[in-house]
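Undergrad: Read in order, the letters of the sequence shown are residues -20 to -1, 1 to 162 in mature numbering (1 follows the signal peptide of the UniProt record, and there is no 0).
Hints listed in this document are in silico derivations from the structure and should not be mistaken for laboratory results.
Heads up, a few of these hints could be off.
To be verified - With a straight-line cut-off of 25 Å between C-alpha atoms, the simulated BS3-like cross-links for lysine-lysine are:
hint	residue 1	residue 2
1	K72	K42
2	K42	K21
3	K39	K77
4	K38	K135
5	K42	K114
6	K72	K21
7	K114	K135
8	K149	K72
9	K72	K137
10	K42	K134
11	K80	K137
12	K134	K80
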Amino acid sequence: MKKISIIFALFYILSFALSAQTTTIYLVRHAEKVTTNPKDKDPLLTEQGQQRALDLAKKLQKQKITAIYTTNYQRTQLTAKPLADAKSINIKIYEPKDLKAFANQLLTENEGNQILVVGHSNTVLETIEALVGKRPISEISDQEYDYLFTVKLKKGKDTKVNIEHYGAKNSNVEGLQMMKGN
């Protein structure tokens, strides 16, 4: 009887600990892309973009990233590649057409983990909105590549969205934070 009580207590504590875990999602737009050929729908990164990809890997190197998601475009995959290589993580491809479903997939598959999502100027904010119900800023312009959004989700707690910049600066917004109650 005593063993059953101990096992039940351990199970209860473990269940509580798992339900209280924080899921952290880092979201960035792909780094600078080559724009010399307007007909090229899948351009590579520029030299500056390659450097930004390295800067992203350096910025997130100490984080315990367990999954990396990109779209099927070279520019998103090449932005994530230095971090994926450093952490020996296979990049997962997501379809940006249904970002609400993707947000649910992120939360279901990665509860309690830290993940990176590399998207586009027209998908990053929509993904954040699907996760927390509100965009932290109104838009990401075509010239802005340096935003790093960090979404922290914990059941029963406020959801936090932190905004930072990484690599070479191309925006004036520093250290903004948005909070939303669950």
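Undergrad: If you draw a straight line from the CA of K42 to the CA of K134, is it 25 Å or shorter?
TA: 21 Å, holds
Undergrad: Given the hinted pair K72 and K21, is their Cα-Cα distance within 25 Å?
TA: Given pair K72, K21 holds - Cα atoms ~20 Å apart, limit 25 Å.
Undergrad: Within 25 Å, alpha carbon to alpha carbon, are K72 and K137?
TA: 29 Å, violated
Undergrad: Taking only the CA atoms, is the gap from K114 to K135 under or equal to 25 Å?
TA: 18 Å, holds
Undergrad: With the threshold set at 25 Å, check whether the alpha-carbon distance from K39 to K77 stays at or below it.
TA: 29 Å, violated
Undergrad: Holds or violated: K42 and K114, Cα atoms, limit 25 Å.
TA: Status violated; Cα separation ~28 Å.
Undergrad: Tell me if the straight-line CA distance from K42 to K21 falls inside 25 Å.
TA: 34 Å, violated
Undergrad: Are the Cα positions of K72 and K42 separated by 25 Å at most?
TA: 21 Å, holds
Undergrad: Holds or violated: K80 with K137, Cα cutoff 25 Å?
TA: 21 Å, holds
Undergrad: Given the hint that K134 pairs with K80, test it: the Cα-Cα distance must not exceed 25 Å.
TA: 18 Å, holds
Undergrad: Given the hinted pair K38 and K135, is their Cα-Cα distance within 25 Å?
TA: The hint is violated at about 30 Å.
Undergrad: Holds or violated: K149 and K72, Cα atoms, limit 25 Å.
TA: Given pair K149, K72 is violated - Cα atoms ~28 Å apart, limit 25 Å.
This entry does not satisfy hints 2, 3, 4, 5, 8, 9, going by the numbered hints stated previously.
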